[in-house]
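Construct the entire structure; sequences and hints are all you get.
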Amino acid sequence: MPQIEVRGLAKTFRVAERLPGLAGAFRGLFHRRMRDVHALGGIDFDIERGELVGYIGPNGAGKSTTIKILAGILNPTAGTCRVDGLTPWRDRRRHVARIGVVFGQRTQLWWDLPVIESFDLLRDIYRIPSEAYRDNRDRLIALMDLEPLLDVPVRQLSLGQRMRSDLAAALLHGPSLLFLDEPTIGLDAVSKLAIRDFVRELNRDRQVTVLLTTHDMDDIEALCQRVMVIGNGRILVDGSVAALRRRVRNERVLVVDYDSAGEAGRVDAEGEGVRLVERDASRVRIAFDPDRIPAATLIGALLAQGTPHDLFIEHPPIEQTVAELYAEHDMRER
Amino acid sequence: MNAAALLLRYLAISLRGQLQYRASFLMAALGNLLNCLIELAGIWVLFDRFGNLSGWSFAEVAFFCGAVNATYAIGELMATGFDQFGTLYVKTGDFDRLLLRPRSTVLQLAGHELSLRRLGRLLPGLVIVVVAWGALDLPVEADRFALLAFAMAGGVAFFFALMVLQATMCFWTTESLELMNILTYGGVETASYPLPIYHRLFRRFFTFVVPLACIGYFPIVAVLGVDDPLGTSRMFQVAAPLAGFAFLGVAIGVWQLGVRRYTSTGS
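So the protein lines, in turn, are chains A and B.
Residue 98 in my numbering sits at position 98 of the first sequence, and the numbers go up by one each step.
Residue 64 in my numbering sits at position 64 of the second sequence, and the numbers go up by one each step.
Careful: at least some of the hints might be erroneous.
Residues of chain A clear of chain B, computed beta-carbon distances all greater than 12 Å [as the list claims (entries may be wrong)]:
#, residue
1, 82
2, 131
3, 150
4, 157
5, 192
6, 222
7, 273
8, 307
9, 316
10, 320
Here are the computed distance ranges between Cβ atoms for each label pair [said to hold, decoys possible]:
#, chain 1, residue 1, chain 2, residue 2, range
11, B, 126, A, 105, 42 to 48 Å
12, B, 201, A, 38, 47 to 53 Å
13, A, 200, B, 27, 51 to 57 Å
14, A, 132, B, 265, 32 to 38 Å
15, B, 260, A, 105, 22 to 28 Å
16, B, 265, A, 206, 34 to 40 Å
17, B, 265, A, 200, 32 to 38 Å
18, B, 256, A, 314, 52 to 58 Å
19, B, 93, A, 257, 50 to 56 Å
20, A, 249, B, 260, 43 to 49 Å
21, B, 27, A, 2, 55 to 61 Å
22, A, 150, B, 126, 38 to 44 Å
23, B, 127, A, 188, 55 to 61 Å
No lab work stands behind these hints, which were simulated from the structure alone.
Remember, it's a predicted structure, so these values are computed and weren't measured experimentally.
Built from N, CA and C at the ideal position, the CB exists for glycine as well.
Shown next as structure tokens:
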């Protein structure tokens, strides 16, 4: 049985329309026009125990709404959802005791408390048995390199340090399911790598199921076997990262370096399933569709024309893939 | 860890935090102390001019005043999280954080902060009660103490409930409404005087709708050992503080409705 089972989940918010100007604001005091915003238009998916799923989409597409519903802090308008046999928003307190949630934008720790005291307080809030707590805490402190931060009040931490502490805090009670809402937002490269390594190990070694939302496609490429793309409240693609690429454009880029610009200039790269992307001094970039022309054939044809000193194949960056997918579905950021 | 122990932990942490800002704590406590003394001075001036208040002596009225101030101080002390709920939790969206934890939201907010400055109202309140006790020559008996303690416990529940109701409104209005101050500060002011001096409508309101008299006037009449000019029985007076707990029960019910609204609107 899947750990998360979502069927027909929909959420509609009623928001008051703001009328322009001061006069409008006054009129709004007495008479308000309400407008329905469909954040989720009935989505379905299953997530199996131990999966690491990326959840992407433009701002306002419904990512956070989904996470909030799955975490039990928002009631949907329609649809069902079972997480480990519980309905999150109905069994909220039992449900949240078994999950971990990290919001990149907002800390779950106490602003004025040193990190270690936040941890101790969480032990009491989650009723973690002392032994399990000590084991978990010490392991997380070692893994996230938190030792030097333990006595620092949370408000004095850098963003990266805070995020590491937040991740550790969300795992003290040993949840089997972790929701990460933009955990790498605003982090420097080193911190991002640390977070990614940690999440990967957590998933691999402890079989923690992870649902990760992000705008950083490197997170997805580095971590996720599976990715779901949401737009306008609907799930557009649900599958492997490779399938997502295929679905949009099945194209790779062959990069060929020659010894001189003259040699590169003589390359003829037009034909069935092949097009020249750019010629940059002694480098040529050629896009090709591997279903129509095998890489070996293309390379053979190039070798017949000259002698490159280096060549390699690039996958198009997934940002581009997703941008094309959004364009295909005519999604603008709302 | 059970709820009570967790609450104590929360509060211990809050206390330590406040002691770091000693000057601010002292000033605020001093302000509360002055407030309380000025209130008492107002009553004294009244008595100095008129001698008594429809048969009630200065010491008796001071007893009411001291008891309700001390009670309110404890209630407010415990409900600081609710008092600042709109600005600290709804506006910022931080209420989500409380919902993500496997504990009741009421418990977590009660543990938000133990505001030490409220001691400035608690201590003089208690001193006034003790001095009035002596001035009235009341016998020092266990059951009188027990009844006073029971009345104060009911009163703490009552004032806590008012704060919970005030916070609940934030689910609809976002910002804390000062409307409830009519009942909190106004309530303290009102309960500082014996109930019979008020109009019948007021008496009904503060007995049956907002049971302020049930945690103040009625049980204290029994503690003072005087007959109630309104003709209530001793039994009623002794049981009256239960209304404070019932009121808290209602307030928590309303709070749950507010939480349900929050979780369906997400803001």
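Quick rundown of the hints versus the structure:
The Cβ of residue 82 of chain A lies farther than 12 Å from every Cβ of chain B, with a closest approach of about 18 Å, so its non-interface assignment holds. Residue placement check: residue 131 of chain A keeps its beta carbon more than 12 Å from all beta carbons of chain B (closest about 15 Å). Annotated as non-interface, residue 150 of chain A keeps its C-beta farther than 12 Å from every C-beta of chain B; the closest such distance is 16 Å. Residue-level check passed: residue 157 of chain A sits 17 Å from the nearest beta carbon of chain B, beyond 12 Å.
For residue 192 of chain A, the condition that its CB be more than 12 Å from all CB atoms of chain B holds, with the nearest at approximately 24 Å. Every CB of chain B lies more than 12 Å from the CB of residue 222 of chain A, the least distance being 27 Å, so the non-interface label holds. Listed as a non-interface residue, residue 273 of chain A keeps its Cβ farther than 12 Å from every Cβ of chain B; the least gap is roughly 48 Å. Distance check on residue 307 of chain A: its Cβ is at least 62 Å (rounded) from any Cβ of chain B, clearing the 12 Å threshold; non-interface status holds.
For residue 316 of chain A, the condition that its CB be more than 12 Å from all CB atoms of chain B holds, with the nearest at approximately 36 Å. Even its closest Cβ contact with chain B, about 33 Å, leaves residue 320 of chain A beyond 12 Å, as expected for a residue assigned away from the interface. Under the hint 42 to 48 Å, the C-beta atoms of residue 126 of chain B and residue 105 of chain A, about 46 Å apart, fit the expected range. Between residue 201 of chain B and residue 38 of chain A, the C-beta spacing of about 50 Å keeps the proposed range 47 to 53 Å intact.
Between residue 200 of chain A and residue 27 of chain B the C-beta distance comes to about 52 Å, which sits within the given range of 51 to 57 Å. In this structure, residue 132 of chain A and residue 265 of chain B meet the distance hint of 32 to 38 Å, their C-beta atoms being roughly 37 Å apart. Range check, residue 260 of chain B to residue 105 of chain A: about 25 Å between beta-carbon atoms, so the 22 to 28 Å window is met. Distance hint check for residue 265 of chain B and residue 206 of chain A: the Cβ-Cβ separation is about 36 Å, which falls inside the suggested range of 34 to 40 Å.
Between residue 265 of chain B and residue 200 of chain A the CB atoms are about 37 Å apart, so this pair conforms to the stated range of 32 to 38 Å. Between residue 256 of chain B and residue 314 of chain A the Cβ separation comes to about 56 Å, which falls inside the hinted range of 52 to 58 Å. A beta carbon spacing of about 52 Å between residue 93 of chain B and residue 257 of chain A agrees with the range 50 to 56 Å that was offered as a hint. For residue 249 of chain A and residue 260 of chain B, the hinted distance range of 43 to 49 Å is satisfied, since their beta carbons lie about 47 Å from each other.
Remark: the range hint 55 to 61 Å for residue 27 of chain B to residue 2 of chain A is upheld by a beta-carbon distance near 58 Å. The hint said 38 to 44 Å for the Cβ distance between residue 150 of chain A and residue 126 of chain B, and at roughly 41 Å that hint holds. Distance hint for residue 127 of chain B and residue 188 of chain A: a CB-CB separation of about 58 Å, consistent with the stated range 55 to 61 Å.
Going down the numbered hints, you'll see the structure goes against none, and every one checks out.
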